[in-house]
Amino acid sequence: MIEKFLVWLEEKFMPPMARLAEQRHLKAVRDGVISTLPLIIVGSFFIILAQPPVEALQELVAPYVGDIMIPFRMTVGLMSVYAAYGMGYSLARSYKLDGVSGGVLSLATFLMMNVPLNVDGVLNEAMEAGIEGADPIGFVLPMGNLGGAGMFTAILSMIVAVEIMRFMTVRNFTLTMPEQVPDSVARSFEALFPATVVIVFAWIVRVMLGFDINELMMSIFSPLIEISGNNYFGVMLPVLLVTVLWAAGIHGMSVIGSVMRPAWLVMLDANIEAVADGGAMTFGEGGLPYIAPEPFYQWYVWVGGAGATLALAILLVFSKSAYLKQVGKFSIIPGLFNINEPMIFGAPIVMNPILAIPFILAPVVTTTISYFAVYFGLVSGLTIMAPWTLPAPIGAWMASGGSFAALLLVLINIAVALGIYYPFFKVYEKKMIEEENAEIQEKQKKQATRETVTA
Amino acid sequence: MKVLMVCSGGMSSAIVVKSLKQEAERQGVDLDIKAVGTGEFEEEVKNNYDYALVAPQVKHRFKDYQVSADAVGVPCELIPPRGYTPLGAPSLIKQIQAGVK
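Taken in sequence, the protein lines are chains W and E.
Numbered by the working numbering, the letters in the first sequence go through residues 1 to 455 in order.
Numbered by the working numbering, the letters in the second sequence go through residues 1 to 101 in order.
Possibly wrong hints are sitting among the right ones.
[What the hints assert, rightly or not] Under the rule of at most 16 Å between Cα atoms (straight-line distance), these lysine to aspartate or glutamate pairs were calculated in the EDC-like manner:
id, chain 1, residue 1, chain 2, residue 2
1, W, 96, E, 42
2, E, 59, W, 11
3, W, 96, W, 190
Hints listed in this document are in silico derivations from the structure and should not be mistaken for laboratory results.
If we strip away everything but chain W, and leave its shape as in the complex, we get:
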């Protein structure tokens, strides 16, 4: 039955999922969002300086929290700005259009969805009241919708801008320069007509008609984010999809991550924002708004890579089967750094009716444990994006802002995963040893016949 399920996965379930992830616009979202990750990683780390895990240090830095958090505000707090450019670049490139023009148009459209304010009137009152630092500053752009909250607006802006650009290029509604004009100059003129249309369109929608896209997008997507961030089944769904896809042999995270990562970043931004505003590091009222941004899966669930396979790698190292022991030897070190493809294809786990079961089951159980541990505030929630190749206990400690309970949770999850993998490993090991013995006997028999022939 399990074999049938795996075949069904490979033939029926995987192709449409893979096609979805490779869909042009989703791919642009993936590329754009991934291009912001280095900034998110660096920016999110400043929360650890603003909220150090040691209480004495907290008091010391308290007066400077505003200054400390500026790199966070300029990276995570503006993530949709960077993403808008990256996504536009990628989508334009996929149409064989100029990437930079596509990125710039997408970014401009996204910014046009936000209305700058002139707060000098307010500041004047403050100046008259003698408040320090209150000088007229001209127009300011509110940052509230430029971070995670603007992500879905950025996606929409990118699609609208680049599709208009493509439509006009295909229909030749562009200004073509004589041949003598250098390429780079010609390119900037080519983008002129699309830019005019895109900007005027955005201006009419946002300013003339006063249509608040940000509000609309958030009202559509915030219920979905609430479910995938805090509902038990919503948190579990990506775990099941990722492991099931891997069991059929394709990179589950690269498929599911394309779709989920914008939402995970929105959650991460909201979590950091809550801590920056002086909230607690645990989930719940007065603390973090979301249980499961990406680091939740990365550190608490995917210990050793998708499928929580560090546990299996440990079992393989001590296997009595010569082959499995070999697989364990080359898997254990990469496994510590959450790289498990050689083991997934080597053991193999892919299309293997025995090992596929714990590969799906173990993460389901550790997700459940972790979900409730975060839900009840037994461990800190996740506020920091640490590089995914760190060993999980260290990564979890960092990503939770220096919580030792988080580190302990990872160790518990490894132990639980060991328990779940063990019986399946034993069954598979027995099968492998039988095959290995049969092979040896076969060889000996051949040798014996050869000897009789020569004799």
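On the provided structure of chain W, position chain E as indicated by the hints.
Leaving out everything else, chain E in the frame of chain W:
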């Protein structure tokens, strides 16, 4: 032979590449091989490669890679699942040698 290998992030392929290099050295095969992530493939494949290999876990993107490789006339093939481990290095070297010719 100059070979390019692509996976999702360029991490796991780096592990396979390392074992391939060792195996090639052992066999005395001339092999210049590099691993990249999905995003870098289209540009990197333009640098005079003889052959391109696609990791099994990104087989759903095989067509995309093939288009980029075809554009510069580089033969492009999928690595069979069991070949994508350090133990699969000998068979993978055979695949490369057959594919380059």
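Hints, verified against the model:
Proposed proximity of residue 96/W and residue 42/E is supported: the alpha carbons are some 12 Å apart, at most 16 Å. Of the pairs offered as hints, the one joining residue 59/E and residue 11/W holds, with about 13 Å between alpha carbons and a cut-off of 16 Å not exceeded. Simply put, residue 96/W and residue 190/W have alpha-carbon atoms about 14 Å apart, close enough for the 16 Å limit, and the pair holds.
Violated hints: none; the structure is consistent with every hint.
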